[in-house]
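Enquirer: Letter by letter, the chains look like this.
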Amino acid sequence: DQQVKQNSPSLSVQEGRISILNCDYTNSMFDYFLWYKKYPAEGPTFLISISSIKDKNEDGRFTVFLNKSAKHLSLHIVPSQPGDSAVYFCAASSSISSGSARQLTFGSGTQLTVLP
Amino acid sequence: GAGVSQSPSNKVTEKGKDVELRCDPISGHTALYWYRQSLGQGLEFLIYFQGNSAPDKSGLPSDRFSAERTGGSVSTLTIQRTQQEDSAVYLCASSVRLAVEQFFGPGTRLTVL
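So the sequences go chain by chain: R and A. Using this note's numbering, the final residue of the first sequence is 116, and nothing's skipped along the way. Using this note's numbering, the final residue of the second sequence is 113, and nothing's skipped along the way.
Because the hints were derived from the structure by calculation, they are not lab data. A few of these clues could be false.
To be verified - Below are the DSBU-like pairs computed for lysine-lysine, each with C-alpha atoms no more than 30 Å apart in a straight line:
(1) Lys57/A to Lys5/R
(2) Lys5/R to Lys68/R
(3) Lys71/R to Lys57/A
With the hints as extra help, turn the sequences into a complete structure.
Expert: Encoded structure:
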């Protein structure tokens, strides 16, 4: 059973417009959420994160929103640029886990394509 | 500074053979993680090392998989008697102790024929 779900495998947006990537989770013990970006043949790179005590975190063109009651988070990119084209993974972590391991549970990713 | 490095970048092997994948974490990072990504899937947690503590092996899919970390730095993931379903990209990540933010290597693409 997937605890972190990204239901849209792909998304295309026009350059300059807003990109909205969505993520849903089922485990109420998750208390920290991250977005990673992945280019082909490279490992994922950290983008932005949010703690469950917040509902919004902003870093330049990237904003993450968290709706705990709906167990939903989203990543907004505005304005979108062609260089943003990549696979975006949502990940979640719980502070309560075996052996204090801060393992991340990942979604299956969304391929974002920003069209020039 | 140097990031996480992994070798080899690509590995093609025959079913039934053993393979070893290597990970060099970022210097000073005491936590090291192995994940794998199968085609069209998200990253699946395999194993975690933190300092000298016993590793968290809860994600290893079978007893054919094992990993070790020597001297608190380099780690090797070993897959014995490989099967075709083991084909995936194997990713290593490291982090400062207990930090959630993990830094990933480029991965090793394993293909089992």
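Enquirer: Against this structure, judge whether each hint is valid.
Expert: Verification of the supplied hints:
1. For the given pair, Lys57/A sits about 24 Å from Lys5/R by alpha-carbon distance, which is consistent with the 30 Å threshold.
2. For the hint pairing Lys5/R with Lys68/R, the CA-to-CA distance comes to about 15 Å; that is within 30 Å, so the pair holds.
3. Taken as a hint, the Lys71/R and Lys57/A pair is honoured in the structure, with Cα atoms around 28 Å apart against an allowance of 30 Å.
Hint check: no violations occur; every hint is consistent with the structure.
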